[in-house]
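A.B. asks: In order, the protein sequences belong to chains A and B. So in my numbering, spot 42 of the first sequence is number 42, and the numbers just go up one at a time. So in my numbering, spot 34 of the second sequence is number 34, and the numbers just go up one at a time.
In short, the hints are calculated from the structure, not lab data. Each hint should be verified, as a subset may be incorrect.
In silico EDC-like pairs for lysine to aspartate or glutamate, Cα to Cα no more than 20 Å straight-line [to be verified]:
1. B/K152 to A/D230
2. A/K106 to B/D102
3. A/K106 to B/E112
4. B/K152 to A/D214
5. B/K152 to A/D172
6. A/K111 to B/D77
7. A/K173 to B/D151
8. B/K205 to B/D137
9. A/K173 to B/E155
10. A/K173 to B/D141
11. B/K173 to B/E155
12. A/K70 to A/D38
13. A/K70 to A/D102
14. A/K111 to B/E112
15. A/K173 to B/E160
16. A/K173 to B/E143
17. A/K111 to B/D49
Protein chains: 2
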Amino acid sequence: MSRLNILVVEDEDAIRAMLVMVLEQAGFKSIAATDAEDAQKILDDSSPDLILLDWMLPGISGVEWLRRLKKEPMYRDVPIILLTARGEEEDKVRGLGCGADDYITKPFSPKELVARIRAVLRRSGKIQGLAQIALGDLVLDTEQHRLSIGDKQLEVSPTEFRLMQFFMTHPDKVYSRTQLLDQVWGRSVYIEERTIDVHIRRLRKILSEHGREDLVQTVRGFGYRFSLID
Amino acid sequence: MSRLNILVVEDEDAIRAMLVMVLEQAGFKSIAATDAEDAQKILDDSSPDLILLDWMLPGISGVEWLRRLKKEPMYRDVPIILLTARGEEEDKVRGLGCGADDYITKPFSPKELVARIRAVLRRSGKIQGLAQIALGDLVLDTEQHRLSIGDKQLEVSPTEFRLMQFFMTHPDKVYSRTQLLDQVWGRSVYIEERTIDVHIRRLRKILSEHGREDLVQTVRGFGYRFSLID
DNA sequence: TCTTTTTGTCATAAAAGGGTAATATAGGCT
DNA sequence: AGCCTATATTACCCTTTTATGACAAAAAGA
Numbered sequence: 001m002s003r004l005n006i007l008v009v010e011d012e013d014a015i016r017a018m019l020v021m022v023l024e025q026a027g028f029k030s031i032a033a034t035d036a037e038d039a040q041k042i043l044d045d046s047s048p049d050l051i052l053l054d055w056m057l058p059g060i061s062g063v064e065w066l067r068r069l070k071k072e073p074m075y076r077d078v079p080i081i082l083l084t085a086r087g088e089e090e091d092k093v094r095g096l097g098c099g100a101d102d103y104i105t106k107p108f109s110p111k112e113l114v115a116r117i118r119a120v121l122r123r124s125g126k127i128q129g130l131a132q133i134a135l136g137d138l139v140l141d142t143e144q145h146r147l148s149i150g151d152k153q154l155e156v157s158p159t160e161f162r163l164m165q166f167f168m169t170h171p172d173k174v175y176s177r178t179q180l181l182d183q184v185w186g187r188s189v190y191i192e193e194r195t196i197d198v199h200i201r202r203l204r205k206i207l208s209e210h211g212r213e214d215l216v217q218t219v220r221g222f223g224y225r226f227s228l229i230d
Numbered sequence: 001m002s003r004l005n006i007l008v009v010e011d012e013d014a015i016r017a018m019l020v021m022v023l024e025q026a027g028f029k030s031i032a033a034t035d036a037e038d039a040q041k042i043l044d045d046s047s048p049d050l051i052l053l054d055w056m057l058p059g060i061s062g063v064e065w066l067r068r069l070k071k072e073p074m075y076r077d078v079p080i081i082l083l084t085a086r087g088e089e090e091d092k093v094r095g096l097g098c099g100a101d102d103y104i105t106k107p108f109s110p111k112e113l114v115a116r117i118r119a120v121l122r123r124s125g126k127i128q129g130l131a132q133i134a135l136g137d138l139v140l141d142t143e144q145h146r147l148s149i150g151d152k153q154l155e156v157s158p159t160e161f162r163l164m165q166f167f168m169t170h171p172d173k174v175y176s177r178t179q180l181l182d183q184v185w186g187r188s189v190y191i192e193e194r195t196i197d198v199h200i201r202r203l204r205k206i207l208s209e210h211g212r213e214d215l216v217q218t219v220r221g222f223g224y225r226f227s228l229i230d
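Could you build all of it, start to finish, from the sequences and the hints given here?
C.D. replies: This is the structure in structure tokens:
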């Protein structure tokens, strides 16, 4: 598999250089642009797998450009991570849901950045860990988007599928509602924590039709755990 | 498990003192140095698990020292968190490029600092002993939030879990009710001391179902002790 | 555009947890 | 033994947390 390509759009030289270095180090290819116009050009003839976009840019701002991109069907699906300065409109990024897949506040550690990038890529399907994840008689097939117990198919919605995917790749560990939101929905969406309960309920309902409602366990005061063992 | 040791390198007395206090409070051991030379000496004969390093130091600057450290194989893997003043942000980011694992902007809250430290320690694997605490055939797993004796699961409530966690990480030592309240419930809650008795009782009841009620021992006039030996 | 599905939110029910006080028991001292 | 104090135990009630069902907005198909 060829290296994934990341477009960095950042006007400050020092930060841009650092980003590129970090990305290289982490095994990504990268192209850098200093403003939205540049970025647009690059986008038009190469097709990056992900865009790291500074919130503040000279000329067309990062957010502004982001909005435009999200209107074009052609580029809508390119995952985007926003770079923002601490305290700067952080709430707005979350609240407005302007289309970014995640955001990260400057300054940040290289490890954190890379972890975020990987998470977003994974969510958007660009990195597929294993095509098939099996746990006991549970099989989740990411390619066919199918979930089955033994040879019985389970009918799950997209969100339920992603939730299951997360659970099956992170079994036996408790996750808080916040963590689940971050991991499964993405950091930039703002959703009530209680909504998790409802999704858990939906999952359990489906699982219980096959006698496996015990897979998703409540850990009172902390969150939920997915585990084969009781 | 012995407490993790943190080397604080900071020239301003007030801040250094504060740091040391916060660290103690959070259960870390700490050694302080006021400049890079001092720090180097300490580093040479003790081996801290993490270094909290001020960006600006008299003499050899923090970053400069950091660079040197990262060149020495011996010290390369010691995780480092940079302390920086607000407004030096770009420099900081560049600092991360040179090997720091995280940075934190002054002023910061103790809570934030401790959280960062824990995160870095966890990432670097130093804190993994915290995931599972085993004492005899008792195993408390903080990741899974499970407590078991042998292969039997114990059903404990959140508070009981925390109490057990404290006991298991501080065995063989007597704690007064006040100390237990401070450590397990937190300093800021006001609860009747007698309430502890009730929780002890609940714990004992659970433990006694597995024939281990002798683990929690009453030390009349002082408090309670958790110990495998009778 | 018109359905159908998906998904987030709310209101309410249900359950679990946790603090307190009252009572019982035990330890230790004179 | 008798008394005082410290701890154990129990029951109760209030609070917090989670489960559940219904609804409507949004998204996806058709």
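A.B. asks: Could you work out which earlier hints the structure fails to respect and list their numbers in ascending sequence?
C.D. replies: 11
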